[in-house]
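Colleague: One-letter residues, chain by chain:
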Amino acid sequence: DTAVSQTPKYLVTQMGNDKSIKCEQNLGHDTMYWYKQDSKKFLKIMFSYNNKELIINETVPNRFSPKSPDKAHLNLHINSLELGDSAVYFCASSQGVGGNEQYFGPGTRLTVT
Amino acid sequence: SQQGEEDPQALSIQEGENATMNCSYKTSINNLQWYRQNSGRGLVHLILIRSNEREKHSGRLRVTLDTSKKSSSLLITASRAADTASYFCATLEYGNKLVFGAGTILRVKS
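Chains as they are written, first to last, in my numbering: chain A, 1 to 113; chain B, 1001 to 1110.
Take these hints with a grain of salt, some might be off.
[What the hints assert, rightly or not] Okay, derived cross-link-like pairs now, DSS-like style, lysine-lysine, Cα gap no bigger than 30 Å in a straight line:
(1) A:K36 to B:K1097
(2) A:K9 to A:K40
(3) B:K1097 to A:K52
(4) B:K1097 to A:K9
(5) A:K22 to B:K1069
Hints were generated in silico from the structure; no laboratory data involved.
When you get a sec, could you build the whole thing from the sequences and use the hints?
Modeller: Here it is in structure tokens:
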């Protein structure tokens, strides 16, 4: 039974397109995150939601818009995709904020051509 | 910002040997966590050590924390081929952000 799931696993698209990545967790956690991992494996937080409220909003282009319809779901919509957006995007969840262990999804590999 | 920095960047050992990875960080921490990432997979939480703890064990894993030196080490004993993965340390930064280091790539040869 998958704890944190993401769809799609792979996403290949052209520059200028708009795409969405979906994330769902069945752990009953109240906090969810989006991370971006670049080609050098650096993992950087983008957004975090706690009880559907945005609590972390890193310096990312406003082409990226997260949306949390409920505590179990956190989606990421990306407008006007650029080559530099190519990366692996990970969703994660935890119970509470403040450095509790996080559970990661399998990742979505986004390739922009 | 990058809080934790792992050392070495890559490590290659024989099955059965021990593997030690180090992590240094810059600011005061509440806790430090270690994660493993297998190729093409998401990160898996291994162990969390709090700032008032000096050592913690979990199975074949041993983590130490030296807050005076702002460093931590992860020891994997009796390594197996299945331990081949990237290992990341992570610390909590101001604003409740978990900041990850660049990782150590461990290869265990059978």
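Colleague: All hints are to be evaluated individually against the structure, with a verdict given for each.
Modeller: Tested hints:
1. A:K36 to B:K1097: holds, 14 Å
2. A:K9 to A:K40: Distance ~19 Å between K9 (chain A) and K40 (chain A) Cα, so the pair holds.
3. B:K1097 to A:K52: The given pair, whose Cα atoms are some 17 Å apart, holds under the 30 Å limit.
4. B:K1097 to A:K9: holds, 25 Å
5. A:K22 to B:K1069: violated, 41 Å
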